[in-house]
Structure formats: C-alpha cells, structure tokens
Amino acid sequence: MTGFFDGLQADTLATWVAALATLVVLGGLLGERRAFGWSQHLLAGLVTGFLGLLAITDVIVPRLLVPLLEDPGSRIDLWAGLVLVGLTAGAPWLPRGITAVPVSIAIGSLAAFALGGAVVGTLLPQVATTIARPDGDAVQTAVAIGSAAISALVLTSFLHGGPRGRLLSVASASGRSLLVIGLGGWLGYLLLSRLILLVDRIGFLLGDWLGVGL
Amino acid sequence: MGLLLRAAPLGLLLLLSVGWLLPQPSGLTLAARASDIALRVEATLDAMPESPVVVVGFDPDIGTYPEIRPAVRALLADLLEREARLVLVNVTPEGRALLLAEIGRLRASSERAVMVDLGFVAGAEAALVALSRTAPAPDAPVALRAQLAADGIAAADLIVVVGGNEIGPRTWVEQVLPRVDQLPLVAISPTVLLPELLPYVESGQVDALIGTPGDGAAYRESVASTPGAAADDRLVDRLALLLGLLVGIAVLGQALGERILPGLRIGGRGERA
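Top to bottom, those sequences are chains A and B.
Each residue of the first sequence is one higher than the last, beginning at 1 in this note's numbering.
Each residue of the second sequence is one higher than the last, beginning at 1001 in this note's numbering.
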C-alpha cells in the first residue's frame, strides 16, 4: 500500500485513480451528480470491455476456435456453437426470429440446470432434514412443525381474491407479517454489508491514500 | 429540515471517518465470542490428506468483497501453509477480476505455492456441471492434470466456495455436490446471504460457513500464527462500524416512530374522552 507522499510508481498511480473514483462516487452521495454520472458511464464501459475481452480470450478462442482449427471434422457441436456466436454477434442486423434462437437456448438451458439443481440439491435434502421422524427427538419435531406452520402461513399470504373465512384471513395476515419480518431481517444484513463497504472505502481514502494512521 | 437532510450524508461520512481515526476501544471486538465456526473450519481442513487438492470456486462480487476479503485471505494462507494444491476457477466475470488480483498477491508472497488456474468458465450453472465431469487444466502438473481431466472436481479433497450474490455456495451445493459424491465444502460468503445458507449448514451439505464478519474475525484469530494469514489485510474498523450501525438504528427507529406515534396519540385522546 502506498501513502500520499511516496514516489510515483504503478501502484501509487492505481491508488490515486481509485481514490479519485471513490471521491467522485462519494460526491454523488453529497449531491454532485454530473461527475457521478460520468463515473457510472466509465464503469459500464470498463465492465463491457472486460466482458468482451474475457469472452474472446477465455471462451471463444480457447474453447471454440482452437479446437475447431485443430480438428474441424469431428466436432459438429462446436460448429453449431460457432453459428450461435455469429447469430448473437449479428443481432443488430438480423431478424428478431433468428437472433432469438441463441438467447432462447441460453435462457432455457440455464433455467433447466437451475430448476433441476434446486430440486435435487435444495428441496429434497432440506425436506429430508426438516421432516419429523418417529425416532427424532422433541426439538427436531418442534422445528419440523414450526417450519411447516411458517411455510403454510407464508403461502396463505399469497392467496388473493375469492371468498375467505375469518381463520384464513388471520392466517394470511400472519403470513404477511412473517414475510415482512423476514424481509426486514434480510435488509438489516444488507445494511451491514453496505456499511462495511463504506467503512472500507473511508479506510482506503484515509489510510492507503492519505497515509493517515499507518 | 431540508438543510439537515442534505447535510446528513456528509455528517455520516465525517462520523465514520472520526470512528476510523480514533483508537479502537479495547472491549469492542469483532470476533464472535461463542462462534464455533473457526473450530469447524479447522476440523474440516484437518480431515484432509497430506498435500490435498482443493478446488476454490471464486465468485464474490465487488460490492460485498471487502466484507469477506480478510477471511478469504486468511483461509488461502492457511491452505497454502498446509501445502494444499489450489485449483482456482471462476464462473462469473466479477469473480475473475477479483481472482486475478488475488493470484498476483499470492504469487508474490509465496513462491512455492501450487496454484492451478482453470480460468473463467462460461455458463454459470452449466459450467459447474461441466466442471464436475472434467476440468481441463493444461498448466497443471502432469499427475494433477490427469486427475482433473478424468474426474473433474471429484478429484479434489475439499471444495472452498467464495461466494457473492450471483453464484455462491447454494449454486455449488445444487449443481456440484450431487455429482461429486458429497465432497466436504467450506464456504465464505457475505452476511446478506446468511439466511439463504444457514439451512445448508444445518443439513450438513455445507461443512463450515464463514458467513458474518464476526465469524471471519474469529477464524482469522485462530490462524493468526500462520504466515501471511493476518499480516497483509486489515479487518473492518470496529468503532466506525458500530457508529454506522447506531446511525442506521436511529434512522430506522425514527421512521418507525413516525408511523407509530400518531396511532398512540389517537389512542390516548380516546382514553381521555
């Protein structure tokens, strides 16, 4: 780490750039919107450039083009992949019906993996862990009953319309309250995460950049 | 009132800066006192064979990485001290950017560290499924390269997942563990993911989770004697964090009071009448 008066080396320059970017973002917090807007555009541009570079150097060249050039005859799947890359790259000039193909394949396959994984990796093991068993102890049984009750109450809070009895209305209101309490807890965790980020940036400005307290 | 609201962010920044500059009170600790997390992590690492192969899924996000960075660096240093062979992989671009910085730091601090970088693998969940079958590692030592090519992630003795909001321990539990015969998994994640991940710890799918700054500090204290584990990064400033939390509680309390107070006044008038 470098201080304010150290010699100008590569890491010093990086520290200065990072410090200026941090000040611009914090300036947005204080009402300076123009420079903050530019920093957002800069971030978007850098991220896009990094993504493009990563796609070319880590995916398209080593995993698609090199295997194709080495053995063009045996990898039909890679030829299909090359066509999909071409369709994606040509999206601005091609009809929507054609460019929808690679996007649909990407979304569909991701959804399939995510759904399958959620069932096999989360739903079934969690049900197996939570479910009450005849040989389980009292605590496990209480946890299982509590989990089932909370799940049922939260699910009833999603019921909308149709005739309801008094009991169902109370259950639905309780479910909504539980949902809000859960969201409140989650927002508390989020606040902690963001606060740590802010304190880290202040530490960076004061310590790494200005060299105070080091 | 308008001026006060406009000055509030500046006041918060000044308050946090003062908190950062003041000496840390001796009674204010970050490490969770009753945390058994450090013991669980150490027990999982102790159960590994000699010179273990450890697959590190490194996909934190930039917004939450400062929170887990001290614990991540301590764990990587601990693994290298145990002569683990690290196989590093990313499935998110953000994770790739952060990993490149960490690899540079590790290579500079430890010349004899065995690190195999599988690079960025596109496809998110699909990439993890592919890696659980085969993990091409052209730069790895010959024996390890053959192992990874034949068995994929199953060639490892331990999985370490450094997670973020996009891809994290949950994705690894769902996509990789069912395919690699339940390898032990240690995870480091930001606090915001804690409610999502605790059920996996309770079910035993995740062997140890460092999921809060307190857990991270406790683990870091337990490996403080390990070279490189605690020297090159500082924990989050405790006093500044406490002051920020107090401000947050005050703001939330004020908002809650504004909602509740009118109701109490009406109730009081009704009773008097």
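Be aware that a few hints might be false.
[To be verified] A few chain B positions that, by computed beta-carbon distances, are all more than 12 Å from chain A:
{"hint": "1", "residue": "E1050"}
{"hint": "2", "residue": "S1225"}
{"hint": "3", "residue": "V1247"}
[What the hints assert, rightly or not] Residues from chain A shown here face chain B by an in silico Cβ test under 7 Å; the list is partial:
{"hint": "4", "residue": "L30"}
{"hint": "5", "residue": "E32"}
{"hint": "6", "residue": "G117"}
{"hint": "7", "residue": "A118"}
{"hint": "8", "residue": "G121"}
{"hint": "9", "residue": "L190"}
{"hint": "10", "residue": "L191"}
{"hint": "11", "residue": "L192"}
{"hint": "12", "residue": "I196"}
{"hint": "13", "residue": "V199"}
{"hint": "14", "residue": "I202"}
No lab work stands behind these hints: they were computed from the structure.
Bear in mind that the values here come from a model prediction, so they are computed numbers and not experimental data.
Glycine included, C-beta positions come from ideal geometry on N, C-alpha and C.
Now the hints, each set against the structure:
no., hint, verdict
1, E1050, "holds, 30 Å"
2, S1225, "holds, 23 Å"
3, V1247, "violated, 9 Å"
4, L30, "holds, 6 Å"
5, E32, "violated, 11 Å"
6, G117, "holds, 3 Å"
7, A118, "holds, 6 Å"
8, G121, "holds, 3 Å"
9, L190, "holds, 5 Å"
10, L191, "holds, 5 Å"
11, L192, "holds, 5 Å"
12, I196, "holds, 5 Å"
13, V199, "holds, 5 Å"
14, I202, "holds, 5 Å"
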